[in-house]
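In the order they appear, the protein sequences are chains X and V.
So the number in the working numbering is just where the residue sits in the first sequence, counting from 1, plus 448.
So the number in the working numbering is just where the residue sits in the second sequence, counting from 1, plus 24.
Hints were generated in silico from the structure; no laboratory data involved.
Glycine is no exception: its CB is placed at the ideal position from the N, C-alpha and C atoms.
Please note that a few of the clues may not be correct.
As the list claims (entries may be wrong) - Taking beta-carbon pairs under 7 Å as the criterion, some of the chain V residues facing chain X (in silico):
no., residue
1, G100
2, I118
3, D219
Claimed, not checked - Restraint ranges, calculated between C-beta atoms of paired labels, are given here:
no., chain 1, residue 1, chain 2, residue 2, range
4, X, L637, V, R85, 55 to 65 Å
5, X, D685, V, R46, 51 to 61 Å
6, X, A497, V, R46, 55 to 65 Å
7, V, L142, X, E625, 29 to 39 Å
8, V, I204, X, I713, 40 to 50 Å
9, V, R46, X, V694, 48 to 58 Å
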Amino acid sequence: MSDATIPAEGLGAAFRTQLRVIGALTLRELSARFGKENLGYLWLFGEPALLGSAIGALHLVTGHTMPGGLDPAFFMVTGYIMFYLLRGVINRAPGVIYGSQSLLYHRCITLFDIILAKDVLETAATMFVMALFLGGCWLILGKRPAHIEIVMWSMLLMGLFAHAVCLLLAAGSIYTEVFERVTHLFTYLTMPFTGCFYMAFWLPTDLQRVALWNPTLHIFEMMRYGLYGLSVPTQFDQPYVIGWIVALNLLGMAALRAARRHLVI
Amino acid sequence: MIRLHDVSKSYRTHLGQREVLRGLNATFAPGEKVGILGRNGAGKTTLLRVIAGVELPSTGRVERRMTVSWPLGFAGAMHYNMTGADNARFIARIYAKPVAETVDFVREFADLGAYFRLPVKTYSSGMIIRLGFALSLAVDFDCYLVDEAIAVGDSRFAARYHAALTERQARSALLLVSHIPDVVRSYCSSGAILDNGRLTRYDDLDEAIAIYQAA
Numbered sequence: 449m450s451d452a453t454i455p456a457e458g459l460g461a462a463f464r465t466q467l468r469v470i471g472a473l474t475l476r477e478l479s480a481r482f483g484k485e486n487l488g489y490l491w492l493f494g495e496p497a498l499l500g501s502a503i504g505a506l507h508l509v510t511g512h513t514m515p516g517g518l519d520p521a522f523f524m525v526t527g528y529i530m531f532y533l534l535r536g537v538i539n540r541a542p543g544v545i546y547g548s549q550s551l552l553y554h555r556c557i558t559l560f561d562i563i564l565a566k567d568v569l570e571t572a573a574t575m576f577v578m579a580l581f582l583g584g585c586w587l588i589l590g591k592r593p594a595h596i597e598i599v600m601w602s603m604l605l606m607g608l609f610a611h612a613v614c615l616l617l618a619a620g621s622i623y624t625e626v627f628e629r630v631t632h633l634f635t636y637l638t639m640p641f642t643g644c645f646y647m648a649f650w651l652p653t654d655l656q657r658v659a660l661w662n663p664t665l666h667i668f669e670m671m672r673y674g675l676y677g678l679s680v681p682t683q684f685d686q687p688y689v690i691g692w693i694v695a696l697n698l699l700g701m702a703a704l705r706a707a708r709r710h711l712v713i
Numbered sequence: 025m026i027r028l029h030d031v032s033k034s035y036r037t038h039l040g041q042r043e044v045l046r047g048l049n050a051t052f053a054p055g056e057k058v059g060i061l062g063r064n065g066a067g068k069t070t071l072l073r074v075i076a077g078v079e080l081p082s083t084g085r086v087e088r089r090m091t092v093s094w095p096l097g098f099a100g101a102m103h104y105n106m107t108g109a110d111n112a113r114f115i116a117r118i119y120a121k122p123v124a125e126t127v128d129f130v131r132e133f134a135d136l137g138a139y140f141r142l143p144v145k146t147y148s149s150g151m152i153i154r155l156g157f158a159l160s161l162a163v164d165f166d167c168y169l170v171d172e173a174i175a176v177g178d179s180r181f182a183a184r185y186h187a188a189l190t191e192r193q194a195r196s197a198l199l200l201v202s203h204i205p206d207v208v209r210s211y212c213s214s215g216a217i218l219d220n221g222r223l224t225r226y227d228d229l230d231e232a233i234a235i236y237q238a239a
């Protein structure tokens with residue numbers, strides 16, 4: 449940007465400044481959300497745990513089983529934790545700029561830094577919940593995930609995907625309030641399609657082809673490959689997902705940069 | 025040095041596009057103390073925001089060849105749910121200052137007593153202004169942007185702030201916007217008038233004040 453932050457700054461120095469700022473923002477966010485006076489961290493565990501127990505109880509009562517003989521509670525909870533990451537990042541997007549205006553008084557802090565810091569924290573926190581849940585299942589039930597590193601990698605991809613959507617929504621929120629009104633509705637309505645509660649192989653072949661246009665389904669399938677290994681058929685195309693992530697992130701960064709000029713603080 | 029190159033700023037309103045700054049060109053040198061006079065609504069605050077980089081100009085650009093503070097005034101720059109001490113820690117981190125020293129300096133200078141350990145939302149407006157000034161002095165900018173607010177701090181604090189700025193006389197520049205000539209006179213050595221979206225510089229502060237009062 450032509451209006452430079454500090455005189456005589458090279459690209460390397462600018463990069464170090466940005467890393468420092470993102471670090472400080474992440475620390476600040478950490479104490480704001482998970483500080484000792486805040487029970488935010490409880491819900492991080494509480495929500496998937498409640499859902500897991502409810503679904504488990506429901507299936508126990510009705511005696512329903514799942515395709516492929518999967519354990520419903522385990523399937524739902526892992527799916528929900530991943531969805532929780534997607535929803536958490538996206539739902540916050542339209543309000544993120546308004547809520548962080550005081551930070552923009554400091555020229556070294558960019559909108560991108562603010563959003564990245566929040567999303568990094570959200571992704572890390574959700575990965576931690578997943579690790580705890582899987583660790584618990586392993587210790588108590590002796591159920592060991594096939595490839596834990598692929599589960600974590602898929603969560604990182606979901607974080608990057610959600611982050612890109614968040615950038616786009618945040619940029620849009622500078623121009624109109626519409627996103628604030630419809631984002632929550634949209635995340636709930638699309639919940640069944642994201643892939644959190646179904647697998648591609650449950651669908652007829654024609655429908656599978658259509659469903660697999662959706663990049664989030666690939667990410668869920670990847671996670672399930674990490675959980676179940678080859679005992680359950682999964683379908684995912686990593687380059688396809690990464691292509692989406694790169695394209696959406698580039699678009700999001702460009703949109704945010706263009707919108708910054710119109711932001712009134 | 026700060027240079028404004030054809031800086032314009034307009035806002036979209038229900039009544040159409042409103043142009044607040046119209047093609048401003050100006051240079052502010054290191055160590056200069058400039059009082060910018062303007063009536064309410066003349067665009068003083070907008071000018072400071074654009075110089076600070078809080079908002080970007082609609083056209084033109086701002087060239088900064090020295091470090092420039094955020095606009096010091098009633099609001100902004102602080103997180104209201106965090107304590108004064110946590111705000112100081114955060115500022116130290118983003119501006120790459122030693123954390124412990126910064127916190128000590130801000131505690132000392134802002135003189136908030138026990139409130140330093142309480143969330144900023146519990147502060148009075150005078151306390152918020154004191155914290156804001158203390159934070160900005162802790163970072164040690166080359167140029168301070170001040171929005172009227174000096175007049176609001178109590179006289180004891182105003183004296184300390186005046187002393188702190190004078191101590192930095194040689195290196196720190198000051199851009200002070202106000203609609204009160206007396207405030208400008210006690211801090212500045214040259215003047216400017218912002219009127220109808222245009223900025224006119226006067227090397228002689230008394231001349232600027234005379235023209236401002238005549239208008």
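Hints, verified against the model:
no.: 1; hint: G100; verdict: holds, 4 Å
no.: 2; hint: I118; verdict: holds, 5 Å
no.: 3; hint: D219; verdict: violated, 22 Å
no.: 4; hint: X:L637 to V:R85: 55 to 65 Å; verdict: violated, 44 Å
no.: 5; hint: X:D685 to V:R46: 51 to 61 Å; verdict: holds, 54 Å
no.: 6; hint: X:A497 to V:R46: 55 to 65 Å; verdict: holds, 60 Å
no.: 7; hint: V:L142 to X:E625: 29 to 39 Å; verdict: holds, 34 Å
no.: 8; hint: V:I204 to X:I713: 40 to 50 Å; verdict: violated, 25 Å
no.: 9; hint: V:R46 to X:V694: 48 to 58 Å; verdict: violated, 42 Å
Violated hints, in rising order: 3, 4, 8 and 9; the structure is consistent with all others.
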